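Residue numbers (the working numbering), protein chains in the order written: chain F, 1 to 341; chain V, 342 to 646; chain L, 647 to 990.
Please keep in mind that the hints were generated in silico from the structure rather than gathered at the bench. Hints are supplied without guarantee of correctness; some may be wrong.
[What the hints assert, rightly or not] Derived list of chain F stretches under chain L, where covered just means 3 residues or more per stretch with a C-beta under 8 Å from a C-beta of chain L:
{"#": "1", "segment": "78-87"}
{"#": "2", "segment": "248-261"}
{"#": "3", "segment": "324-335"}
[Said to hold, decoys possible] For each label pair, taking beta carbons as the anchor points, the in silico distance ranges come out as:
{"#": "4", "chain 1": "L", "residue 1": "P939", "chain 2": "F", "residue 2": "A337", "range": "33 to 39 Å"}
{"#": "5", "chain 1": "F", "residue 1": "V127", "chain 2": "L", "residue 2": "T675", "range": "18 to 24 Å"}
{"#": "6", "chain 1": "V", "residue 1": "V588", "chain 2": "L", "residue 2": "V761", "range": "51 to 57 Å"}
{"#": "7", "chain 1": "F", "residue 1": "V328", "chain 2": "V", "residue 2": "R478", "range": "26 to 32 Å"}
For clarity, every value in this text was computed on a predicted model and none was experimentally measured. Here a beta-carbon is modelled for each residue, glycine too, at the ideal position from N, C-alpha and C.
Each chain is listed here by its residues.
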Amino acid sequence: MSRVVAYRLLGSLAAIFGASLLAFLIMRVLPGDPARIILGPLATPKALAEVNHQLGLDQPIFAQYWHYISDFFTGNWGYSYTLNASVSSLFVERFPATIELALFSFVLTMGAAVILALLSTYRHRPVTDAIVRGASYIGFGTPPFFLALLLLIIFFKSLHWLPGPEGRLQVGASEPPAVTHLFLIDSLLAGQLNTFWESLRHMLLPAIALGIGSFSFMVRLLRANLLEVSREPFITVARGKGLPRWTAFRRHALPNAFLPTLTSAGLVLGEFLAGSVLIERVFDWPGIGSLVFEAIVKQDFAIVQAFILLSAVIFVLVNLMVDLLYAVIDPRVRIPAVTSA
Amino acid sequence: MSADSLAIERPQPGPSEPSPRRLKAAGRSLRALAADRRLAIPVAILVLVILFALLVPVFWGPSPTKQNLVDSLQAPSGAHPMGTDQLGRDVLARVAEGARISLLVASLVTLGGALIGGSIGLVAGLLGGATDGISMRVMDTILAFPPLILAMAVTVGLGVGLSTAALGVALVSVPWYARLLRSEAIRIRSLPFIEAAHALGSTRGRIIRRHVIPHVLPVLFIQMAAAFGYAVLALAGLSFIGLGAQVPTPEWGAMITEGLQYSLTGQWWIAIFPGVALLIVVTAASMVSDRMRDLLDPRGQYERL
Amino acid sequence: MTVTTDASSPDPALSVRNLSTVYEAKAATVHAVRDVSFDLRPMERLGIVGESGSGKSALALSILGLIEPPGRVAGGEIMLGGRDIAKLSDRELGSVRGKEIALVLQDPATALDPVKTIGRQIIEAIAAHEPGLKRSAARRRAAELLGDVEISHAEQRLDEYPHQFSGGMRQRVVIAMAIALNPSVLIADEPTTALDVTTQAQVLALLDRLVDEHRTAVILITHNLGIVSEFCDSVAVMYAGRLVETSGVDHIFESPTHPYSEALLACVPNPEKLAQGPLPAIAGYPPDLSSLPSGCAFAPRCPVGRDIPQCHQEAPQPHAVSGPAGPAVVECHFAEARIREASR
C-alpha cells in the first residue's frame, strides 16, 4: 500500500515536472518573443529589454527554466501591466467567485446526472431511457458558451425569470460579510436570506452552462456502469436472499457503479477549469476565468501563462488524489488478494 | 439472464479464424456499418452540412465579409434568411463560410493528430523497450494538461490565430491516438498469425502493411470521429475567447463572440445560427463515433483514453 | 429410493405446474421455459441437465421470481408450502426468497459483491428476514455459518473481502448465505462449474452434508452428468425449454429413453470406450427458441425421428413408462417402443 502511494507520488511529480517543461518550451523557448507576449505589441524597446532581463532571458536555458519553475512554486507568478497588480494577488482576489461557481455547478450537474442515470436504468423504462440518452447526446454536442447564451436569451431576455449577466449579485447590492468568501454560505451565516436567494438566482444559469459537458459525460458513464453492474450475478444473489429490489440495487449496484466514475474526476475538473474561461465572461462573473479572458483580450499574457501552469498542476494533483482515494475506499486496491487456497 | 445472453450462450461454429478470413470479416463489418440506420442518420447530417458548406457560397449571392451598414441588424427575411449582423453582413453566407472553415480545419487537425499520434503509438507498441517508455512519458506529459488549456498554451506561446489553435488542438489529440494504437499494436504483435508470418520471413514493413494496419483501422476510425467532434468544439471555443480565428473571420466561435452583446438586445440571430450549426456538427460527429464503437466493438474494449 | 413420478408421494416441497417464461424483444419472442411441470419431494435432490441455452437457468430464476424485463413468467403455478408463489408480488416474494427457497449461483467470482465484506453479505441474508436481530447476534450467526461451511478462523474472515478468498472458498460463502435460514428448497445453478476438479469434489461433499443436516431439498442445475450421478436422486433432462425426460438417476444411466438423453449420455467420456475412437457429439445445434418447429423440438437432430413425419408435425405428450431401472416420464412418441427395446 505505501509502495503504491510512493509510486503514484513519484509519477505525479514526474508529470508536474514534464508539464512545466512543456509549458516552458511552448511559451518561452519556441519562436515568439516572450517579452513582447507579456507586454503586447505596443511596448517600447526599453520596456522589452527590461522584461527580457527580468525574465532572465539573457541567461542560459537551464537557468531560465530554473527561474521559471522556482518562481512558480514560490508564488511569484509575474506582474500584470494592464491591471498594475501581481498575478498572484489577482488570482487570490478572483478565486472565491470561481470556486463557488464551480462547486455549485458540480453539485447541481452531478446530482442531476445521478438522478437521470438512475431513472433510465432502475427497472425497465425504454422511453425514459431513450429521452435521457438523447438529452445526453445533445448536451455533449452543445458548446458551453453557446448554451450560456441560449439560457440568457430564454430565462433572462424572454421570460425575465432569472437575472442577466451582472455577476454574483444585483448591481449595487452589498456583499454578505466575508467569512468563507462564498456568498451562499456567508449570506446564510449572516442570516441574510434575501442575499442568499439572489446569489442562488445569479449562479443558476452559469452553473448549468459550466456543467453541461461533464453532466452529459457523467450521465452516459453512469448509465453504462449501472446497466453493466445490474446484470452481475451478485445482484441476483442479493435478490435471492430476499432483499427488495431497491435495497439490492442501492447496496450492491450503486457502489459498484459509482466507484469507477471517480476516475473521471480529473476530466470533470478539466472541463471546469477551461469552462470558467469560456463561461464567466458571458455572465460577467468576477472569477479567474473572466480575468484570464480579459488578459487574453488585452494581451496581458503573464496572467494567462500563470493560469495555464496552475491548471496543469491542479489537474495532476487532483488525479493523484483520485488514485489515492481509490487506495482508501476500494478494498480490491487497499488489500492485496490472498493467493493461498 | 436476458434474451441476449440466451442467444450468446449458443455454441458458435468454427475455431478462431486465420488472418485472411479476418480481413473478410473486417469487410463484413464495414458493410454492416453501411447498412445501419442509427449510423446513417448522423452521417447523412454531416453530408448535408458539407453540401451546405460547399454549395451555399457558390449559389448564394451575398458575400460573407462585405459590409453594408445600411442593412445592419436585419431580422431573418427572404433577402437574408438568417438576417444580417451589426455590419450588415449576411449571416447565412457567414455561417456557410464558417462551415467551410470549421470542417476543413477540424479535418486537418484530425488527420494530423491521427497520423502523428498513430505513428507514435504503432512504433512504441511494435518496438517496445526504451522507445516505448520515452514516447509514452512524453504522452503522459501532454495528458497532464486539461485538454483545452494545453491548446490555449500553444496559441499563447506561438501567437494567437486559427493555425496555432489548430496546432494546439492537434497536439492535445496526439496522446489519444498514441495510447490506443500502442495497445492495439501490442495485442496484435502477440497474435499467432503475426508470429507465423514473421517466422515465414515476412519483413517487418510488410507485416505492418498487410496485417497490422488493417486491424487497427476500425478503432482508429472510431477515435477519429470522436476527435473530429472535439476539434470542431475546441476550435470554436478558442475562437470564442479570442485565441483562435480572429474577428472578422466568419468562424462560428468568433461569430458567437461578435453576436454576444446583440443577443440580449434582441438581435438573437447573429449568434444563434452559428451556435446551432456548431451543435449539429458536434452532436452528429459524436453519434457517429459512438455508433461505430457499438457496431465494431460491441464489448467496449477500446474506451476513449 | 423413490421417484419423482410417483403420484402417491405426500406433499411435495415444491410443485411446479405449466410454468412458461418468455423474453420479449422487439424482433422476436424467446420461449426460454415452455410449459414445465415437476414435483420436488422434501429432501429430494433433483438434477436438471441440458445444454447451454436449454432454459435451465431461466427455469431457476423463474421459480424464484427473479426474471427481469424484457423477460417475464408468462404462466403457471409454483406451489411452495401450500401457496402459489407465482401469484405473489415482488415484495411478498421477498419473504420467501432466501427463507424458503435459496439460490446458489454458478460463478463464485461474480456471485459476491466485490466491495462489501463477506460478513456484511452473510448478515444481510439473515437480516433480510429477521429485521429486529441485533448486530452482535447476527455476527455470531454469520461466524457459525462460515464454520459450518468449513472455513477456518471464521470470526476474522468475516471482515475480509471476496477477493481475499479463493474460488472454492467463495463458493462456500455463497452456500453459507443460502443455507443461513434453513430453506426447504435450495436451487444451485452450476455450483461447481467454475471450480477445479478437487475443489469441485470438496464443495459437493460439503453441499451433500449440509442439505442432509438441514433437511433441504435441492434442485441442482448442471451440464455435468457425473455430478448428477454422484449427488442426485432423480434427474430431469431439459431441451429447448422443456423437461423431455424425468426419472430416477438409475433409469437415466441404465436406459435413457428419450433420444436426446441417450445422446447426452454418449457425450460423457467413458475411459473404457475412449480407446474406441473420438467422442461422439450431438449433431446440429439447439433450436432457435424464438421460432420453434411445430413438432418435437429435437426432431431435426434426432437419430430416431429425423425422417419421421409425425415427429416434425406433432409435439409429443409426456408418456409415463416403466423401464428396467424404474419409472420415467418421457416426451417422445416412441417412448414405449424404446423401453421395450431396452428391456430386451
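So, going through the hints one by one against the coordinates:
1. 78-87: violated (count 0)
2. 248-261: Our answer is that it holds, as 5 residues pass the Cβ test (under 8 Å) against chain L, meeting three.
3. 324-335: Coverage by chain L holds here, the residue count being 4 at a Cβ distance below 8 Å.
4. L:P939 / F:A337: 33 to 39 Å: violated, 49 Å
5. F:V127 / L:T675: 18 to 24 Å: Check passed, 20 Å falls within 18 to 24 Å.
6. V:V588 / L:V761: 51 to 57 Å: holds, 53 Å
7. F:V328 / V:R478: 26 to 32 Å: holds, 27 Å
Consistency note: the structure conflicts with the earlier hints numbered 1, 4.
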